[in-house]
Amino acid sequence: MNYMDEYQIGLNKLVIFRNLLQDPAIEKLMALFNAKEKDTPALVGHYAAFLQELYKRTDCLTDYLLSFILEDENLYVRMRAAGRDIPPAFLACLKDELNFLELLGRLTSEELRTRIGYNGFLPSYRTTRLDFSSLYEERLSTIQEKGYGIFAKYHVFTVSDGQLVPVRYPDAQKLSELTGYEKERARLLANTEALLSGKPANNALLYGDAGTGKSSTVKAIANEYKDRGLRLIEVKKNQLYQIPELVDSLSDNPLKFILFIDDLSFSSNDNDFSALKAILEGSVGGHSGNLVVYATSNRRHLVKEVMSDREGDDIHYFDTMQELMSLSARFGLTITFSRPEKELYLDIVKALAQQYEIDMPEEELFTRAEAHAIRSGGRSPRTAKQFIEMVKSGVTG
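With the numbering used here as the guide, the letters of the sequence shown map in order to residues 1 to 397.
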């Protein structure tokens, strides 16, 4: 048995890190191991395909394998994160696999090119010496902040067919870029700090006028605390029925989650109403304690009531409407974002002008900002930002 067979066997017998067999680069590497020794054209093709996948992330095989190991979601890491007892057989398996993968990470391009037996040019890759076992243990010790699997790579997610989908390029809004509404944001920040500290945290409803920064506040908080183990899951109202099962799947996860519902409102006969009610009743302080719901709305009572709702043959009409109208009360924390008065609006304009490095006399800046607000339907942080961006781009404000 040659040493290439040993690598092939080592990969095939993986248990804990078996997901590695579906990795594109490792699939191509295994094809190279499996190819007939004298079939040079096929060997060259498999080698080139392997490097194409490797180069997408790095030119170092060791780093590539270590990155996979640190981010992999497997049975061992889930048990470890949940604080469960690890059977001795699992520990023995983990030790053997980490030792093997460390060895595989030292496989040089020169060794592979020798197996191929081609004398022409073939590109190379790097390797280095790293202690996979100690680095893996170090990562597990910080799992509450860095997470595992897709949660180690991304911090913002959407939902599709009941499954989490990572957002590769989330809104980069920063708390430091938001001006005004400091007291309102402070309440939500304190609630988020409680969640991260393992203390009881409330579901929160941010309601008020459009463009006042409700959604931006939630997204900025997610960005601010991503390195402390906070993840944001944005869901649409019509996806709420999919959420209870998803929440259950996150109950053992050591990270903390915000379930974010933007621009929330219901009609009186909306089937999604019951789904949200179930989520709110199940997650305050959480069954698991690692998830809260943050919702934004332009409506205080969330349920749109029309005159026709007052007609019909529901003999318990009053009870029905009371249940609908009380939905907002199921949020333990309600924060109001009202349309800014002139002074606050101009403070926001001034702060944004400094952020965007706009050099304009203050009196002229304020006069033009007020004129823009009148044309845009009223003052708001969104209107202020639109005005500043227009000035920055050279468009008359």
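Since the hints were derived computationally from the structure, they do not count as laboratory data.
Keep in mind that a hint or two might mislead.
[What the hints assert, rightly or not] Heads up, simulated PhoX-like pairs for lysine-lysine below, C-alpha to C-alpha not over 20 Å straight-line:
1) 28 / 38
2) 146 / 56
3) 13 / 95
4) 28 / 13
5) 350 / 392
6) 174 / 226
7) 199 / 226
8) 342 / 385
9) 174 / 56
10) 174 / 237
11) 237 / 153
12) 237 / 146
13) 56 / 183
14) 36 / 56
15) 174 / 385
16) 385 / 350
17) 183 / 236
Of the numbered hints stated previously, which ones are contradicted by the structure, given in increasing order?
Of the numbered hints given earlier, those the structure breaks are 2, 9, 10, 11, 12, 13, 14, 17, listed in rising order.
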